[in-house]
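J.: Next come the chains, spelled out residue by residue.
There are 2 protein chains.
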Amino acid sequence: MSAIYDRVALIGLGLIASSMAHAMRRAGLAAEITGFARSAETRAAAREVGFCDRVCDTAAEAVSGADLIVLCVPVGAMGVVAAEIAPALKSGATVSDVGSVKRAVIEAVAPHLPDNVHFVPAHPLAGTEHSGPRSGFAELFDNRWCLIVPVEGADRGAVDRVARLWQGMGALTDEMEADHHDLVLAVTSHAPHLIAYTMVGVADDLRRVTDSEVIKYSAAGFRDFTRIAASDPTMWRDVFLTNREATLEILGRFTEELFALQRAIRTGDGDMLFDYFTRTRAIRRGIIEAGQDTDAPDFGRVKKG
Amino acid sequence: MSAIYDRVALIGLGLIASSMAHAMRRAGLAAEITGFARSAETRAAAREVGFCDRVCDTAAEAVSGADLIVLCVPVGAMGVVAAEIAPALKSGATVSDVGSVKRAVIEAVAPHLPDNVHFVPAHPLAGTEHSGPRSGFAELFDNRWCLIVPVEGADRGAVDRVARLWQGMGALTDEMEADHHDLVLAVTSHAPHLIAYTMVGVADDLRRVTDSEVIKYSAAGFRDFTRIAASDPTMWRDVFLTNREATLEILGRFTEELFALQRAIRTGDGDMLFDYFTRTRAIRRGIIEAGQDTDAPDFGRVKKG
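For the protein sequence lines, the chains are A and B, in the order given.
Those letters in the first sequence? Residues 1 to 305, per our numbering, in order.
Those letters in the second sequence? Residues 1 to 305, per our numbering, in order.
Watch out, some of these pointers could steer you wrong.
The list that follows gives simulated cross-link-like pairs (lysine to aspartate or glutamate, EDC-like), each with its CA atoms no further than 20 angstroms apart [said to hold, decoys possible]:
1. A:216 x B:6
2. B:90 x B:115
3. B:216 x A:142
4. B:216 x A:289
5. A:90 x A:32
6. B:216 x A:32
7. B:216 x A:175
8. A:90 x A:155
9. B:216 x A:155
10. B:90 x B:6
Read the hints as simulated data drawn from the structure, not as lab findings.
Nothing here was measured: the structure is a model prediction, and the numbers come from that model.
When you get a sec, could you build the whole thing from the sequences and use the hints?
T.: Okay, structure coming up:
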């Protein structure tokens, strides 16, 4: 594959940015990759791993002359970063991002960008419970979805070019409207994460069960929750604060449903429980058939490939 | 390793029983393995896979002459099965089980057993989201805990022999009192399962997000929940009905905590969220250090080994 952009600048050098750099290099999608991170420690680690051609000491230097600038910082930092890089952007350049929430990012970033720059928000649905510049790998996006969320009046050519970049990094792409994106993600990702965080917190609080018991005997179930609940705290704080309404709506529905199941347990309504569990099993089959997971039993003993 | 029992009878031939048979054969722990399942279809499948030396058409025939009888049926069926096999048990034999709840199983099984038979309840903390006689494999228990829950006045020799069998099948063993077992499991397994079932049900109910969107875009988070929520409906119905009090207690604590986090989201208390998520991340590290999981990123693309 030939290069899609001459120079790509990555702002923020964590799991997603470092994986993007590895994936762009794997397919030769960018002639040059520059990078910037606010923390000197992160910049040093990124230089050591070497996934950028140049790690710059200022955001302005990193974006200068870049054809594509991807904001890979927590959602709550997007606005500040956009304001900082705006004066240094090349005319005709495209700014994109990888935030998990889209309406709030659009509202925070768009007002800062000059008129001669394209803005193409995107969100790759991929991640692990690890974070930082050393955690990236080229295969992270393979066969995963990346949702492109064009703003009103977006330039078709700029949008398609960002989509081609993600396809080149191994992802499948789709377009979605910002508010709908935020609702879909509240269901499939944001609410489940908050629930996992909560359950792990409860286990830790309980006095009559020791931490070492919880840890030793964390059979499948709790162990999967701890994996989810180990994700980056800053990123997730920002997700919940910026996708507040959709997350709270889904959590409200969740609580309603949980109370119905609790009531079935209390009253001994085995048929209700059985029917409910049979229905959720079918949803799992749908996911496997859609190719977003494997049918192989996973019980926590996966070896690094 | 030499055989620990001459004849082992497995009653119920699903994931756990078939895995036990494969694991006992791998280490030569039983001279002969017999089996029985209520459904003719299951018996036929078990005969076809061939993990038992003999699959019998009645429970009485399967347990006749057996030194160890392991009840591998859903918790709600344990009492009926115990009553059925009691008259056919050999004097000096040991009856064990693999139920996920222990107090209810002891109350259902013990009254049926003759005085000349030992009863040693046990619970291997291992499983996958698959069920049935074709889903078993010899490695299921490797490096997993099996909790032995001796009844009052239990024969030490009989208890130790059951523990040795589980160790021979690859498991680590520990002893625990029945009520404490049920509380620990409510925290680490039963409540998390109910929560996962609930979240998957909510996603399915939501009208504004289509099923195909939920399925296509099930990033990590929801996907892990669907894996948990795909577990055997009969088994889990029985778990919740028989470990009712501990499960409801933990769910009550969970709801309390979830409301506190929802309130932090609503009021924009980012510090509270950040601190909470930082604490849960540390618990995950404890689990990895305790060797019950791996640090390798798992994002749903595990290949069958």
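J.: Does each hint hold? Answer for all of them.
T.: Now for the hints, and whether the structure bears them out:
{"no.": "1", "hint": "A:216 x B:6", "in the structure": "violated (32 angstroms)"}
{"no.": "2", "hint": "B:90 x B:115", "in the structure": "holds (11 angstroms)"}
{"no.": "3", "hint": "B:216 x A:142", "in the structure": "holds (14 angstroms)"}
{"no.": "4", "hint": "B:216 x A:289", "in the structure": "holds (10 angstroms)"}
{"no.": "5", "hint": "A:90 x A:32", "in the structure": "holds (15 angstroms)"}
{"no.": "6", "hint": "B:216 x A:32", "in the structure": "violated (33 angstroms)"}
{"no.": "7", "hint": "B:216 x A:175", "in the structure": "holds (13 angstroms)"}
{"no.": "8", "hint": "A:90 x A:155", "in the structure": "holds (16 angstroms)"}
{"no.": "9", "hint": "B:216 x A:155", "in the structure": "violated (27 angstroms)"}
{"no.": "10", "hint": "B:90 x B:6", "in the structure": "holds (13 angstroms)"}
This entry does not satisfy hints 1, 6, 9, going by the numbered hints stated previously.
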